[in-house]
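Peer 1: Each chain, letter by letter, is given below.
There are 6 protein chains.
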Amino acid sequence: MHIHVINPNTTASMTHKIGEAASRIAAPGTRISATNPASGPVSIEGHFDEAISAVGVAEEIRSGERERADAYIIACFGDPGLLAARELTRAPVIGIAEAAFHMATLISTRFSIVTTLGRTGIIAEHLLQNYGFAHHCRRVRAAEIPVLDLEDDGSTALARLIDECRRARDEDNIGAIVLGCGGMADLTEQISDAVGLPVIEGVTAAVKLAEALVGLGLGTSKHGDLAFPRPKAYTGQFAHLSNLEP
Amino acid sequence: MHIHVINPNTTASMTHKIGEAASRIAAPGTRISATNPASGPVSIEGHFDEAISAVGVAEEIRSGERERADAYIIACFGDPGLLAARELTRAPVIGIAEAAFHMATLISTRFSIVTTLGRTGIIAEHLLQNYGFAHHCRRVRAAEIPVLDLEDDGSTALARLIDECRRARDEDNIGAIVLGCGGMADLTEQISDAVGLPVIEGVTAAVKLAEALVGLGLGTSKHGDLAFPRPKAYTGQFAHLSNLEP
Amino acid sequence: MHIHVINPNTTASMTHKIGEAASRIAAPGTRISATNPASGPVSIEGHFDEAISAVGVAEEIRSGERERADAYIIACFGDPGLLAARELTRAPVIGIAEAAFHMATLISTRFSIVTTLGRTGIIAEHLLQNYGFAHHCRRVRAAEIPVLDLEDDGSTALARLIDECRRARDEDNIGAIVLGCGGMADLTEQISDAVGLPVIEGVTAAVKLAEALVGLGLGTSKHGDLAFPRPKAYTGQFAHLSNLEP
Amino acid sequence: MHIHVINPNTTASMTHKIGEAASRIAAPGTRISATNPASGPVSIEGHFDEAISAVGVAEEIRSGERERADAYIIACFGDPGLLAARELTRAPVIGIAEAAFHMATLISTRFSIVTTLGRTGIIAEHLLQNYGFAHHCRRVRAAEIPVLDLEDDGSTALARLIDECRRARDEDNIGAIVLGCGGMADLTEQISDAVGLPVIEGVTAAVKLAEALVGLGLGTSKHGDLAFPRPKAYTGQFAHLSNLEP
Amino acid sequence: MHIHVINPNTTASMTHKIGEAASRIAAPGTRISATNPASGPVSIEGHFDEAISAVGVAEEIRSGERERADAYIIACFGDPGLLAARELTRAPVIGIAEAAFHMATLISTRFSIVTTLGRTGIIAEHLLQNYGFAHHCRRVRAAEIPVLDLEDDGSTALARLIDECRRARDEDNIGAIVLGCGGMADLTEQISDAVGLPVIEGVTAAVKLAEALVGLGLGTSKHGDLAFPRPKAYTGQFAHLSNLEP
Amino acid sequence: MHIHVINPNTTASMTHKIGEAASRIAAPGTRISATNPASGPVSIEGHFDEAISAVGVAEEIRSGERERADAYIIACFGDPGLLAARELTRAPVIGIAEAAFHMATLISTRFSIVTTLGRTGIIAEHLLQNYGFAHHCRRVRAAEIPVLDLEDDGSTALARLIDECRRARDEDNIGAIVLGCGGMADLTEQISDAVGLPVIEGVTAAVKLAEALVGLGLGTSKHGDLAFPRPKAYTGQFAHLSNLEP
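Protein chains in written order, with numbering that gives the first Met the number 0: chain Z, 0 to 245; chain X, 0 to 245; chain H, 0 to 245; chain R, 0 to 245; chain S, 0 to 245; chain G, 0 to 245.
Simulated from the structure, these hints should not be mistaken for lab results.
Hints may be right or wrong, so weigh each one.
Capping the alpha-carbon separation at 25 Å, the derived lysine to any residue pairs in SDA-like fashion look like this [stated by the list, open to error]:
| id | chain 1 | residue 1 | chain 2 | residue 2 |
| --- | --- | --- | --- | --- |
| 1 | X | 221 | Z | 231 |
| 2 | R | 221 | R | 67 |
| 3 | X | 221 | X | 241 |
| 4 | Z | 231 | G | 155 |
| 5 | Z | 221 | G | 116 |
Cβ pair distances, simulated, as ranges [to be verified]:
| id | chain 1 | residue 1 | chain 2 | residue 2 | range |
| --- | --- | --- | --- | --- | --- |
| 6 | H | 19 | S | 158 | 54 to 62 Å |
| 7 | Z | 30 | X | 192 | 28 to 36 Å |
| 8 | Z | 67 | H | 235 | 47 to 55 Å |
Where a beta carbon is used, it is the ideal one built from N, C-alpha and C, also for glycine.
Construct the complete structure from the given sequences, taking the supplied hints into account.
Peer 2: Structure representation (structure tokens):
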């Protein structure tokens, strides 16, 4: 089984870290390829970064299709371009935010999210509402860490994350914590150990969900709104997207 | 990995069928044990059957704990006794209805449920609302098949199910169908072939979710309302449940 | 009119107290019988206790049916086994949580709940959502009192309850308080006097609702999912539940 | 106990009929007074009729207060002026729509409403949402009967109501029917007999709820937004409402 | 274009202030007439004040119809009598609360409301839910200022409002503030300058929405529940409302 | 006032038509510029088309900023890239779907949408839920017209739209119809005349809302998640988006 993990931002060190985390958790027969778009933002910290990154996600899905990948993961907590990506393939496509939410509700009745910046909290709130998990999440918390600080070994990011997770544990009346950034994929164990609650991280959760769906023989439905895009002309820099063939 | 699959009703043929379906889908390293309570209803077709069956589910969890099972599946579409069961173990416990709903939302934007009897539709409606998937399900349909007809090879159950699934496909504006009874675990492929839509069946979905959670090292949170039951006396026929030790 | 009040736990002193409270509030022509199951937990403080207690509730409904009771009350704040119980009788069956919620919305626009233990708060949250009252309840508060402390005259339970109710009054922007445990049935007046807000207790509320429904000639609908259970075999210790006759 | 039943429209024959229905269902010790405002619409069939009728409702509450009534009923299915009325008294005030909804959810999991005119259906929809019962009601149906046709013995209103109720029973997957007009207070038994489902009518339901609240010693909360109106000047034809004293 | 602005209370100084604010913001071709009912409360601070004021609103709509006004504004933050008013005219009718909410969602993802008295907060909560904006509003705050203090130049009302708005800005995680009283129509600029967030005031918002609807040729739909009232008799002091002609 | 209308697809004839419709409705002092991206899909009929088009929308906002436009309109019914666009400017940005929904709720209590293709209905459903209007919309209908058929004078698109709108009027219990495609901007009057209900079209609605916001001095909040993007590097074909200056 080949799972193609797409880091929607263009920071290679983060892609590497995400790929490592995915590989560590993958089943013996699963091959992980981790990639990021050639073009796009170095980190995703708002609606605009998200919108632009969706183009890169789509390109990486198309690239994965050429390699006949069995499943795709969109490794940014806002799940940018998720429905668009699903149109492009029969394989399952999983966002790391949705993956984390699904897993959290299977082991707890209420959870909180600890994310990077306050300004991205709204993205998590929108996802919770769209996916149906608004009532299961007590609170969206931000440790106020710029995403790329997670790439900086000297930063105090881990300590601040642990502090915020402890506050969530003590104040939020929850059973689990969801980490709200793909860049935290390597910190799950440390945070969980420090906090003493189940801590769910989306990249690893998504790998196991992808394996599950592929194992079930389930892929993105091609009946209805997730069918392949209607063939049509695209212009300009997107001309290569014209009349995509399934 | 050892997954203990609990059929909450007491019909051994159905337990066998469910166990077979679970085993077929399980990963190479996964061992499936399928069981049903010694006491309880032969089928679950309403709130009362569900309530009684929850006792048997709890007993089977305790039995599984003695064997140090790694995960549990409650193989009845109403997920009877799910939260109670979760209190009894650190392992993950997954209901087949929730499993099917989670998987359905990962491959489609809207789905319908095809279940057995109209009177059990309300159980599915309640679950959809509690789990947060009410907006993702277009319609709960019943083929009006008593559960045990699914055990009767000569019955027209399969044909009627296929008919109802085709109506769902043609009328409901959906991308996937969820089968609403554990007794349909062996029919998924036939129905999917006949209908041409992704068809999601809960037993198999739950096996893969259980493998996923175990793979992630995640189990039922013992922080909050899913912690082990507070030690206390139980009386009468339930005296053996007194002061349960984790 | 005969109202059969079922205390779902097996603590006789609590049953006695609940029966007294019910009798005090009952109309002249109403006879109260208070009972508890022979088997089950001595207190209900979680999902597991609830699930087991539902069996006893069902048995007590069947017992009440032999005496042709006119209505039933399930006197535990989680309303355990409520829908199952309704299948077993044409008489009305009322849970004390729902009773309290209904009454609270008739005299205030917003209320808070003060319950025993934090870990049972989730049960109240689920009921509020299922019954439709989630928006009417500002907050579910716990005084962190084990249920059986309410049976101990020397405990500080009352003082702690009053403290929590005062916090609710001062902080929650509410018009009424709902007491979240059947074991508080004898404390309503003291708490209300101390707090100065309407305080609604479920046992007494349920008695008056039961009288109301019986007075209206209304009983549990036998059309649809609350019809008598479909006749079927039950096995083992539940064999006596086979083919229940209406 | 004195329950003051206010018919918000000015049709005396309907007031009489409502009073009769209330008296028939009242407990032995309950005295019913039925009244209608001197000023206002002869029937309430829309938002405008409702708004004007709220003034009369308020005046009748004030009149009832002079007689020290123990409870009030607003006998129009839109519950016009309900929250305003509650500000004017320490006694409970109950609308017949809310009364019917509460009772319906105690005996069924889903109900439908059969009302008079399609254009008033939106009023029921708004109430269902505000009260929290939107998910419990399958459908709001109109028999397209002008309200005053219910006062005309020669009309086909009853037959048309029965037809619509039968359609609700057969098509809506429900356990009970709520009648959507105070003018149907005398038809409940005939309709219920003809339809074979529990039929809930609001006037009678409200009488029993009022008796229940009074029996519990509960009245409208004077803490918060239902406290007596802040003393202030009213001008013109409403000058007599200035500085109302509790 | 003629916009008739109705202050539902009877305080002329507030009507004048509201008219001034409306005129200042109106387009060159727009004529503003500001009025208040002859009869009713001098301020609106609860459900009862609202209910009575709805009569005056209706009378002022009828008065405006005689002058063939092109649009109406109900200039009290509870939007009293809004749906009733819409039945009386083909012109658009806009409440200042809804106007402010609509505008707030166009420039921010989340807002808070700062209103006068805590007891009126529930009115805003109900409107948010009915209009669909409950999820967009973080918090309803009250500065605990009686409405008529806003008419008193010597009061500390402005200072207290600014304080509360600053708390909203700093604590609520919002992008905009909605002012919750028509009497604040002249304070928007001062508050906005002091707080540094977009501040939305309903009177001015409603003027621009009214101009927008008239510009689009859109008026209140006369198809369905907002059609003109069914012709019928009104009695007593409301006899003049009988058989209203469109 | 300068309103920059962005047609997110790249079909110039549609841009022209949209610009004409916008100009016709604009106030005397309003200048409309209509544009479309150089790159992107010729029509938007699904999630993928939407995601790609968001890039072009962002580019056109940046282009408009250089011209100091006072407001922006995104003239595709899915409001693609709306929140991203808002980050890029202090001016208001309005999507035509939200514009139409806001206007519809001001003149009716319930509306239906008539859109082009069934597969895009889900986009409207998501928007309704996110914006809070899910309860106000009775039904999302599709006339099954490919978007570019609206550009083909010889097509039967208009006739089919009118048929579907009439069905909405007769079956949906609504007061107004929302047209679900920017390409219908020139058909509003014909459809409204043929159907006899208020018909709301988003381009024109958005122009008037944009004028309203500008008139009020309100622009996109720069406090919180709609603040300008955090300065950062963009790579590849998006390098020109690095460190955008407000």
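Peer 1: Run every hint past the structure and note whether it holds.
Peer 2: Hint-by-hint comparison with the structure:
no.	hint	result
1	X:221 / Z:231	violated (53 Å)
2	R:221 / R:67	holds (17 Å)
3	X:221 / X:241	holds (19 Å)
4	Z:231 / G:155	holds (21 Å)
5	Z:221 / G:116	holds (16 Å)
6	H:19 / S:158: 54 to 62 Å	holds (56 Å)
7	Z:30 / X:192: 28 to 36 Å	holds (29 Å)
8	Z:67 / H:235: 47 to 55 Å	holds (52 Å)
In the structure shown, a violation is registered for the earlier hint numbered 1 alone.
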